[in-house]
Amino acid sequence: MLSIVEIDYGTPKVASSTTVELMIDGQSIRVPAGTSVMRAAAQAGISIPRLCASEMLDAFGSCRLCLVEIEGRKGYPASCTTPVTTGMKVSTQTPRLANLRRGVMELYISDHPLDCLTCPANGHCELQDMAGVVGLREVRYGYDGANHVYAKQPDGSANPLFVAKDASNPYFTFDPSKCIACSRCVRACDEVQGTFALTIQGRGFESKVAASQDNRFLDSECVSCGACVQACPTATLSENTLIDKGQAEHSVVTTCAYCGVGCSFRAEMKGEDIVRMVPNKDGHANHGHSCVKGRFAIGYASHPDRINTPMIRAKISDPWQVVSWDEAFAHVASEFKRIQSTYGKQAIGGITSSRCTNEETYLVQKLVRAAFGNNNVDTCARVCHSPTGYGLKATLGESAGTQDFDSIEQTDVVLVIGANPTDAHPVFGSQMKQRLRAGAKLIVIDPRRIDLVRTPHIKADYHLKLKPGTNVAVLDTLAHVIVSEGLVDESFVASRCEPEAFAKWKAFVAQEKYSPEAMEAQTGVPASLVRGAARLYATGGNGAIYYGLGVTEHAQGSTAVMAIANLAMATGNIGREGVGVNPLRGQNNVQGSCDMGSFPHEFPGYRHVGDDATRALFEQDWGVPLLGEPGLRIPNMFEAALDGSFLGLYVEGEDIAQSDPDTQHVTAALSAMECIVVQDLFLNETAKYAHVFLPGSSFLEKDGTFTNAERRISRVRKVMAPTAGYADWEITQKLAQAMGYPMDYAHASEIMDEIARLTPTFHGVSFDRIDQLGSIQWPCNEDHPEGTPVMHVDEFVRGKGRFMLTEYVPTSEKVNAEHPLILTTGRILSQYNVGAQTRRTANVMWHDEDRLEIHPHDAEERGISDGDWAGIRSRAGDTVLRALISERMQPGVVYTTFHFPGSGANVITTENSDWATNCPEYKVTAVQVTRVSQRSDWQKRFHAFSEEQQELLDQAQSADSPGRA
Amino acid sequence: MSITVYVPCDAGALSLGAEAVASAIASEASRRAVDVRIVRNGSRGLYWLEPLVEVVTPSGRIAYGPVQAENIGALFDADFLHGGEHALALGATEDIPYLKSQQRLTFARVGIVDPRSLDDYRAHGGYRGLDAALAMDAATIVQAVTDSGLRGRGGAAFPTGIKWKTCLDASADQKYIVCNADEGDSGTYADRMIMEGDPFVLIEGMTIAGLAVGASHGYIYLRIEYPHAQRALEAAIASAEAQGYLGADVRGSGRPFRLEVRMAAGAYICGEETSLLESLEGKRGQVRFKPPLPAIEGLFGKPTVINNVVTLASVPIILDKGAAFYRDYGMGRSRGTLPIQLAGNLRRAGLVERAFGLTLRELIEDYGHGTASGRPVRAVQVGGPLGAYIPVSQLDTPIDYEAFLGIGGMLGHGGVVVFDDSVDMAVQARYAMEFCAIESCGKCTPCRIGSTRGVEVIDRIVAGDHGERERHEALLRDLCQTMLDGSLCALGGMAPLPVLSALDHFPEDFSGTAQHAAV
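Read top to bottom, the protein sequences are chains H and P.
First residue of the first sequence: 821, per our numbering; consecutive thereafter.
First residue of the second sequence: 260, per our numbering; consecutive thereafter.
If you're looking for bench data, these hints aren't it; they were derived computationally from the structure.
Certain hints may be false.
[Claimed, not checked] Straight-line Cα separation of at most 27 Å, BS3-like style, residue types lysine-lysine; simulated pairs:
{"no.": "1", "chain 1": "H", "residue 1": "Lys1028", "chain 2": "P", "residue 2": "Lys549"}
{"no.": "2", "chain 1": "H", "residue 1": "Lys1261", "chain 2": "P", "residue 2": "Lys561"}
{"no.": "3", "chain 1": "P", "residue 1": "Lys542", "chain 2": "H", "residue 2": "Lys1279"}
{"no.": "4", "chain 1": "P", "residue 1": "Lys542", "chain 2": "H", "residue 2": "Lys1261"}
{"no.": "5", "chain 1": "P", "residue 1": "Lys549", "chain 2": "H", "residue 2": "Lys894"}
{"no.": "6", "chain 1": "P", "residue 1": "Lys549", "chain 2": "H", "residue 2": "Lys833"}
{"no.": "7", "chain 1": "H", "residue 1": "Lys894", "chain 2": "H", "residue 2": "Lys1324"}
{"no.": "8", "chain 1": "H", "residue 1": "Lys1333", "chain 2": "H", "residue 2": "Lys1634"}
{"no.": "9", "chain 1": "H", "residue 1": "Lys1279", "chain 2": "H", "residue 2": "Lys1261"}
{"no.": "10", "chain 1": "H", "residue 1": "Lys833", "chain 2": "H", "residue 2": "Lys1261"}
[Claimed, not checked] Residues from chain P that keep clear of chain H, each with C-beta distances beyond 10 Å, as calculated:
{"no.": "11", "residue": "Lys359"}
{"no.": "12", "residue": "Ser512"}
{"no.": "13", "residue": "Gly723"}
What you are looking at is a predicted structure, and each value in this text was computed from that prediction instead of being measured.
Idealized CB from N, CA, C, for every residue including glycine.
Looking at chain P on its own, in the form it has when it is part of the complex:
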């Protein structure tokens, strides 16, 4: 009887040595003539413990981590294959508090299943959502998604059901489902984890979306730097096709749904949905104006549902367990769960899926265990490079779309990047403008010229004499207002958020000569 060992094939784990760990286990097992079956799972998202090796024992999966190849001999010696004690032993995986306290709905299978195995997927509740959807008419599916309260997890938080209904109501000979998998926000990796760790859930979600709006074709627009996700998705699509879950006749329903992965163009702006559509059409990734909404005139001019990976991956459980099940999580108008990605200067970076409502402080302190440097937290950027910098005084803000809007911020795709007190916020503000300047598509004037001028003005503020400070700051604030009000898309329209929040909350960093005290 072979012993099953899980070694993640998640890109994060691989970058920490998971491949060497897996081969070391295989060769050590062979040397010792032990029958070991290695399964390459996704990551549990506890990145400070990666590579996290799990062994299946009669009492469940026992975790060891972070494991390096050189630990393997000792682990065998410690009989880790039977849950033996070792310095790296973490006990039952499910009992690790970081994991145990989470509410994993979307990530229910990530790190648990073999991402290449459709059988494993089904064994863990996969495709029950599709089965339910196949028994419904399109409008009922859309209604379920609407009732669940699911909002777009890519960042804009637009109600998914409304988007789907718009597309359903548009009449056309062809409609499309497009998955925005061009995950590019700093400190975010939820999309990648799903695609690498549970690709079938995305495929199932897109298939349900296709049934819901009458689309027969879907595209996954995948970040070019995600080769592991590409392989995982393509393998999963091939198995789904082979077993009748994709193709001309999905599950014998007579309805077609086909799926293709398209590698993205390598530009942040191509994660903006209209640029994404342009890029997917083979054109230069340049923002389109709206309206027309993509749901009415999207890919190749046809009605198109375009959703983020997490949004689409949240659909199967809604269809499986019902809208109410999902809606019962969360607070206010933020329903369900949000997979939050902790990153930056933290002791325990990783993925935390929780219902909306816990506070930023809980995330940083309870999950993150404070800064990796051990210095005090000074600022937290939530929602990617365009998110506001949140000062310590606002850490009690709950994870809720409206609460974040209330403090001039946004949740975005759920990325949380923590800075300690050595951070120079003028540098961070400059970086926001510079990021915008580098990534701007160049179409609209406020973003194209404004971001470059923004960098220059911040440089002048920092370098300049004190007397000019007020004039420069007024200009910077005017510029931010022009970009906020005038930009065509969210890149130029939100790049001022980190700048203004840095100016508002950390004015002392912009005093020119004076460097931040802690440095």
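Chain H on its own, in the form it takes in the complex:
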């Protein structure tokens, strides 16, 4: 069902520089050439009846309600499939058309249940609307003919056409008895999502919608993106929440809190209750599409595990004690002050998260810098995209992706490296697939055969199946081919890049050791494939590189990012639409949290704390002296904690105990601290080591902004009151006040006003401006009042682009007899990050445990069968997961996800990290895998500890119950 507030214009918008003038119902209308008659009419406010058309889908012409009369043309052309022509004269309402439409509606209703009053679509059903519009008063065929409506035929026998409801999907129900066979669901699955899970089965009157080979939805290839549900004009595909609650009464635009695509949604509400989330067609990042997480997996916000009261305890072995907010703030302030007075000013710090809003993150770093008086602030981007910030700043001059998502519409060659968009960035993955189906070429560089390599109507032209840890080697071999085969865009390089750096780089990559042939043994990639891919990227037209954590989370993460920027510069693939360097950000606000100065060495806008002018600006605004020395990064904090010099930590929205590498090292550090304050929705893994718990608010409960992977700042809007009383920024503000530092923002917009005031790239940003434009891509300032979709257009942010030398240095994490396999980690579509949110939704029906993916050959050697317990041991630790035999893997490489804390994926990962930014080397861990019969010791300890902590929480909650108060 469409959103309750959006207008659907029937066919997709057409971009054309020429316009056409025509007459519709006597009204003169001018529209872009190529526009359909239907859309032209809709733009003029003339509504033509229709059922199979939607502006999300290509015209189809099947329902035959939108027929019109056109002067000089025979018959009754369908307005959806007829493009406008100059001087065309269209009549949308004539007696003949009225009869025709009534005749068609009469047919529809002769095969449709008459239960409108009790139907979930009641009040917002397109079929119902059309029956009203055409004035259908009678169905002369009666209702006892062939139908899909009734389970039994008049004679009592089973109706062979009837198909019972399919309620297998946890989020929506498929009721074929209400289907009008318009194919909108099928087309949405094909055209929008690109999964091709649905089809029309059978023909003629027997035509019916089927998932895969007539499977239940849950058992089919369906990825539960919901595009079909949104496209359905009747109640055939309805959200279960809509069925339960009825139609919403108002709608609020907000931004998804899952991945870095940053989809815009309309939260359809009944008061403060969400009926359903509908992707916003005007959303610039998602254009009305969504994935299973954003659309459906929001139940965590009202999950019983939410903690709604502040709690404190002296030791982590004590039961939690429920306290008032004031008591909690006073306690934290007193503890932090005590620690600072005992151990020094540097003994405390804060960690913010990419899940927080910009305003929240800004306040956390301000709290640390201004109220704690040090620079010990870091963010979880440390463990994901810190190399992007470093690498792109060094080469291009700005720590951000260069394009908007829509740029891909102009791309001829898509190069995906270390990213798995169909799982981790599904909505952009779908847009990428649309472009690939339209003919763009594809190069995938990934150790695994990710879905994109072979998916319906798409096949990668090159899949460079490298060995984990050899990204830089492969990128250098690509550069070698480009340089040695004369494929450099010399004029671009000459006009846009530093000549000396380029000359050095050229000589560097031209070395024979970087030839694909010389590197083949190390990378595992046949030289011919490297050469082919390099030629395609360099000469295939607009080439765009998309990368993810498979690039950054390595010992040479920053080097790989620079190597990518080098490739783009050398081939002139930067500075216009269709090209560029595009980091796909894992979490919703990775870009924003970095922009907001959450790294220990940078103020907002990537300005070093050592820069006197910048520091002076902030000192003046904030009214306190600020330190010019960078503070501690997250791993340094752990080291300092174990050294006894860092003992107080404020963590907002980040679960370091699960997400950071070498879990046992992390938990040892946490155990060493004296006051850990966790602000979160749930008692997460870190909170089990905390002394203070401050209940946070979900994205539905507060105002603010998120900045997605394309630098797009979008509004998060409060649709319900915070369950614990405060938005997160208010909690930080209260904490600052308790620490004695004045903060007095009445609304999140005032925080953004301060950010804009102090950050040149944000000068033009305000909540009002975002409301006007829908969203804004920074830089947004005097030079770019409407933001900047594509960066580095005429010159690089740093002036001339700088080629950096990218020596391949093999990681110290090497396979040997003891640890002969490489473990790499990643994500799956249905789960998100540490799973705190998605594990508390029905998404667990698709993925309820992390599995170890292993190639059949490696499994066979170890006597491991699918589903067996597999023990995984690295030099850091060991854990046990059930095996999943998979030919996606290459022999020698195993893979797992890290969505469940008990999996212990990070017990295995090591302390190795990127040389420049300390981003952990999650993607390469040498391991041995053996068949085992029980969980690992760590897992046993973990479960015992978790049970104990749950018990301590339960004690607090029962103490808090009214009977005991």
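Using the hints, position chain P against chain H.
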């Protein structure tokens, strides 16, 4: 000196025992130590005489038929190898009046040549059209086809030259020629006869089409139930390739044209050109909306000429003998000849290629020799299952596209199915709706739901009480109008034609209780 005997390998003749006849002749010849060369030709189209065996004699080809294997001994005894007299002797084939009176342009070689022999094809005037076309530029070829007045013989009768020009004018890196050989209309077999009896003429026609519009690749989308045609086409394509008539460099012109046969999906709707293209692309056979026309966005989104077998097979003679030669046949806007396929309740069913203009009555009486049952003709369905039922009062309508439109009918692919007076036209009307219901692709509402409702309403009319008749008939007529005006393609858009014509011309059959008097 061996004696040449022709025994058809046409599927129609085979179904009547031609294979047994051929082997009986071979074994009898061997037994009698007579040197006989058996050539498997196509059918002459005189199906009531099949298997029609022809013997080459100094005075020409002498026909015997219908011949069964058990007649062979007697035929040898009668010295049929030298044109001897026998009860089955028909005299010189060319003098059989049914054949002699025809104007065979498209079918000029069908039944005469060995369909596997490119030499035979060339010996009978084959590839002269291509030779002429190779000397012309593309626009001149298209102009010749336009000037000939040739219209699409698949049923829609769209001017072929205009279609080709549209495709010629579309610029693209790749264009296609697609032959619609998914012949599925009831009572039609002209396409099959050509493909089995003279496959090179189709190949030549498609090659010329390729030159005319700049297409380098062609597909023949062949009805799945035509295995003999498949073998004949594939053999012919292989010889044409081997001798440089197809391939990277057609006849040394430097221009490529390749051809492939693709077996169809076994659905009537896949004979509709846009469904055909979907099916050819490997997708579900579902109708596309137009525009865009296939000539601009056709197969795989590329400009595509899609024509029926007979249309394409008529092109070589136009290029060979000139547009005027072809245009001089026919009447009004219907130029050239139409291969008419007589079927149904007729004494002499068969293929009649004649210039447009003769009447339906001439076809039925002069060629068909009246009904096989001997009862009076009551209705004639022209143009396949979607064609109107024509009453005896309209039998003088000339075979002409516009004349048929004038009586609410259509010529379609030239199928003529005759019914005697035992026919129940309500049953026939119901069948039309049922056919549509079975064959509908299910895309558009009027056809998908309407055809099923149509069957139900006709059932009610037939079963119902008299009082309800008027109400039901009004509903049926409304439904027909909705389907006519609202359907996406010709299946739903024309299925009402037989229904309405039955209602209009034979209302007495819909009176419910009253069965037709003659039964």
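> What are the numbers of the hints the structure violates, in ascending order?
Replying inline: 7
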